[in-house]
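Asker: Protein chains in written order, with the working numbering: chain A, 1 to 461; chain B, 1001 to 1447.
Heads up, some of the hints might be wrong.
[Claimed, not checked] Pairs of lysine-lysine residues, derived as DSS-like cross-links and limited to a Cα-Cα distance of at most 30 Å, are as follows: (1) A:K267 / B:K1447; (2) B:K1183 / A:K79; (3) A:K271 / B:K1007; (4) B:K1091 / B:K1007; (5) B:K1108 / B:K1393; (6) B:K1394 / A:K276; (7) B:K1183 / A:K271; (8) B:K1183 / A:K63; (9) A:K313 / B:K1183; (10) A:K120 / B:K1394; (11) B:K1091 / A:K138; (12) B:K1231 / B:K1394; (13) B:K1263 / B:K1231; (14) A:K267 / B:K1137; (15) B:K1200 / A:K82; (16) B:K1166 / A:K455; (17) A:K79 / B:K1166; (18) B:K1447 / A:K276; (19) A:K82 / B:K1166; (20) B:K1447 / A:K455.
[Stated by the list, open to error] Where chain B lies over chain A, by a calculated footprint (3+ residues, C-beta under 8 Å): (21) 59-71; (22) 136-144; (23) 293-299; (24) 341-348; (25) 359-372.
Because the hints were derived from the structure by calculation, they are not lab data.
Even for Gly, the Cβ is constructed at its ideal location relative to N, Cα and C.
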Amino acid sequence: MDINNTRLIEEILGIATSTGADFAEIYWELTRNGTITLLSGRIDAIADNTVSGVGIRAFLGTKTVYGSTSDISREGLIKCAKSVAEAMGEGRAEMNIVLKPTAVKDIHPVKINPAEAENKVKCDLLRLATDSARAYDKRIVQSVGNLITVDHTILVANTEGLLKTDRHIRTRMAVSAVASSGGENQNGSCSPGRGMGLEVFEMFGPEKIGRTAAAQAITNLEADYCPAGQMPVAIESGFGGVIFHEACGHSLEATSVGTGRSQMCGKLGQKIANEKVTAIDDGTIPNAWGSVNIDDEGNPTQRNVLIENGVLKSYMVDRLGSRRMGMPMTGNSRRQSYTYEPTSRMTNTFIDNGPDKNEDIIASIEYGLYAKSMGGGSVNPLTGAFNFAVNEGYIVRNGKICEAVRGASLIGTGSDILQDIDMVGQNLATGQGMCGSSSGSVPTDVGQPLIRVSKITVGGR
Amino acid sequence: MNYELLKSAIENEARAQGLAEYEIYYMSSEELSVDTLNREPNSFSSVGSGGICLRVLYDGRIGYAATELMDEEEMKSLVTRAKSNASATEKPDTVGIFKGSESYAELKNSGFTARGAGELKKLCASLADEIYNTSDKVTRGTATYGITAGFVVRLSNSHGLNLETKCGINALQAAAVVCNDGKFESAYDMTELHGEVDLKALAEGVVSNALDKIDAGSVESGKYSVVLSAKQMRTILSAFVSAFSARSAQMGMSLLADKEGEKIASDIVNITDDPMREGVSIQTNFDAEGVAAYRKSVVEGGVLKTLLHNRETAKVAGVESTGNASKGGYASPVGVSPYAFCLEAGDKTEDELFALAGNGIYITELKGLHAGANAVTGDFSIESAGFRIVDGKKGEAVRSFTIAGNFFELIKSIAALSDTVEVAITGGFTTFGAPAVLVHNVSVAGK
């Protein structure tokens, strides 16, 4: 597909709306993915993959039809657009479509494009990380490193005249270490990333990435199982923000709210959280993992204050959600690739700094859990029932962090936990994840300072 | 360009670049889905995609490159990139590109037929009607989905091996939302479309599941006898399946390493992997290296008979490949995974399992296994819902608790198995199956 052929794009949009759709959109992508894997001290595999295709979507009110194809020849595009039109209806219509190309300002500059760097440079970075993991302790029996690079170019055009292109580069290193002793294995991981090139490793030294993964594995190897029951929990900054992502974030996406499948339906302006909680989704943070210049419907990303001092202020709304909810779009439409219909998703979502000193938070807990590192989780947005794993945890006794414990998970409901976050610290940091939902897997940042949840069910033994 | 032209372009370029051994792996999919929301037609989606992966042996090492751009220039680039990637790889190849198995079994279900959009729309509408007719508590947000997805996989290599398989899946999904006294709950279920589908039973199942949860009570923390439903045992099996991969074992990431021939589970545990299991939609007769796929016993009478191997792991272990080379997608490097991985049935009915449990918990829902289950350590701690078992019978619904333990301990502790295996595809191309199981002394965290 020639992305400079505006006439062709207008023709395709015209075909897609030819049976009565009131709106159509075309999304083209060319993505070059690279992965280098280092295993057992040597480069195990190097692979690259070019993803290329087009998605065409049409609306009639809130009825949607989506088609996608990897055949990006003119014939392939027309065939796809016709299939969309046929599925939409049997009417006949003609829409006057005039595309107006608009430049997109790039606020995520890249210094060292990974695609242009030699494999040896990337392999050496990875080796620094895995070598430092193995050197950390003789009980580290394996370290696996992956260097993942993505160079993603998109075009979005629609029947309202929007025509934009954008390019986004991101880089991530994921290191996993396995510690073994007495027939028992434990593992640890560290996976920082940014919307940057290889200069990201000036921020995150590969040696530190490897040591962090190894330290977590050793800590867990020496830990006993976490006790079970309800208790206060202090959740550390950074990836600890997954608690907000799961407990509340998904319930604020128009995908859930607009279809009535959210605990947060109809609660705008209501106090839904402790007054110490202010939560934000911000896709504009330069070079952050979840940032993009424009979303996958061509709208600029923005900073959305979701909860301010405990009061629900806004949802995250895509175009279809906007139609369903009668609310403006918020630049949150995202998708994994052209094979997915876009929908409302989080970008960089975090609880903002609060009024409490971190040392006071730990000191306030007589007996509870300090969750230093969190794993992933999941939620039912309708009920807010969530779960997530604790990758590294410690018992807190008499206001002091004591012995490490392993194998814990936290469960609860969003509405309860938002009220039970009763202390919010001041060391806001973010962690990187891949969030899975109906439009596929997309990079998202989660974040928070150290917080205290007054009571939560800890799954343990 | 069609596949033969693409293949020819690669062959010509490979020859020009002096490559003697290479493999072309092609996968395409056509997926059609329709859905209803609040009993109304909502959306329609038709997704087509296809990609090609070139795996080359160059200077004694393997390199990969993949693409969805199907033109001659890209095929030339593919060869150059795969060769360059091989050059930077440090692991020497030990097995080369496969010349082919002596024979390949005949597929039992080679006649996959994609369902049409019209039929799926009707089924979705009828299912939505059944859901709404089941209870007046069914409310906004209730949805049904119909999906048909067909796949074509082709493998060709420099030794003249040319293999192809076509398969697919037709499925119907129900997501019911119910409201009672201002409280909301939801439940989800799916069924594959094999012949006639009992829409009423599917609808009643999801609605009663949602209604049960809405009024569910809580449980006290402690140790309980637990009956895991067939679906949930299947889910647990899928979360820990990588422990049975020889690749994981050789990477030091499975506690089953070097355990072949040892007792790893209770006497009644038998696990098989069968690429052509009866009733399974996704079937194949060759793996991702072209090795003939076949049925194998993985655990027999509690003894680990074999780990799952591709050619490389088999060479390291000094055994033959079990035909389990896999690719997560067309672009993935060759890994290891099963086809239809099933814990085989026992001889008890589910009611007999409840009777054997006496007092305990029947688990019918587990959530968040992607985060709460660790295949490297075997540990799990998972959000759960289900029913009390009181005096040997299914009692009131309970939720908002976790079960925690270790998979390797759990399979040693299985006390009884139900007599029916339920199979389902759980993402990717692997099908999992299990009966309901009884396990004593499981840690539960609740109130």
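Asker: Taking the hints in turn, state whether each one holds.
Answerer: Against the structure, the hints come out as follows:
The hinted pair formed by K267 (chain A) and K1447 (chain B) meets the criterion: a straight-line CA distance of about 28 Å does not exceed 30 Å. The suggested pairing of K1183 (chain B) with K79 (chain A) is violated, with an alpha-carbon distance near 46 Å, which exceeds 30 Å. Restraint check for K271 (chain A) and K1007 (chain B): the C-alpha separation of about 62 Å exceeds 30 Å, so the hint is violated. Between K1091 (chain B) and K1007 (chain B) the CA atoms are separated by roughly 27 Å; this keeps the pair inside 30 Å, and the hint holds.
Restraint check for K1108 (chain B) and K1393 (chain B): the C-alpha separation of about 40 Å exceeds 30 Å, so the hint is violated. Distance check on the hinted pair: K1394 (chain B) and K276 (chain A) sit about 44 Å apart at the alpha-carbon level, beyond 30 Å; violated. Restraint check for K1183 (chain B) and K271 (chain A): the C-alpha separation of about 19 Å stays at or below 30 Å, so the hint holds. Taking the CA atoms of K1183 (chain B) and K63 (chain A), the gap is near 28 Å; set against the 30 Å cutoff, the hint holds.
Straight-line distance between C-alpha atoms of K313 (chain A) and K1183 (chain B) comes to about 23 Å, which keeps the hinted pair within the 30 Å bound. The straight-line distance between the Cα atoms of K120 (chain A) and K1394 (chain B) is roughly 61 Å, outside the 30 Å bound, and the hint therefore fails. The straight-line distance between the Cα atoms of K1091 (chain B) and K138 (chain A) is roughly 23 Å, inside the 30 Å bound, and the hint therefore holds. About 17 Å separates the Cα atoms of K1231 (chain B) and K1394 (chain B), which keeps this hinted pair within 30 Å; it holds.
With a C-alpha separation of about 25 Å, the suggested pairing of K1263 (chain B) with K1231 (chain B) holds against the 30 Å cut-off. Proposed proximity of K267 (chain A) and K1137 (chain B) is supported: the alpha carbons are some 22 Å apart, at most 30 Å. At most 30 Å may separate the alpha-carbon atoms for a hinted pair to count; K1200 (chain B) and K82 (chain A) exceed this at roughly 36 Å. Between K1166 (chain B) and K455 (chain A), the direct Cα distance comes to roughly 53 Å. Violation of the 30 Å bound is thereby established for this hinted pair.
The hinted pair formed by K79 (chain A) and K1166 (chain B) meets the criterion: a straight-line CA distance of about 23 Å does not exceed 30 Å. This hinted pair checks out: K1447 (chain B) and K276 (chain A) have alpha carbons roughly 27 Å apart, not beyond 30 Å. A distance of roughly 26 Å separates the Cα atoms of K82 (chain A) and K1166 (chain B); the hinted pair therefore holds under the 30 Å criterion. With a C-alpha separation of about 11 Å, the suggested pair K1447 (chain B) and K455 (chain A) falls inside the 30 Å cut-off, and the hint holds.
With 10 residues having a beta carbon nearer than 8 Å to a beta carbon of chain B, the region 59-71 of chain A meets the requirement of three or more and the stated coverage holds. Only residues whose C-beta sits within less than 8 Å of a C-beta in chain B count toward coverage, and the region 136-144 of chain A has 3 of them, enough to reach three; the restraint holds. Restraint check on the region 293-299 of chain A versus chain B: 0 residues with Cβ-Cβ distances below 8 Å, three needed, restraint violated. Coverage of the region 341-348 of chain A by chain B is violated in this model, with 1 residues showing a Cβ closer than 8 Å to a Cβ of that chain against a need of three.
Counting residues of the region 359-372 of chain A whose CB lies closer than 8 Å to any CB of chain B gives 0, so the stated coverage by that chain is violated, three being the minimum.
The structure does not agree with the numbered hints 2, 3, 5, 6, 10, 15, 16, 23, 24, 25 stated previously, though it agrees with the rest.
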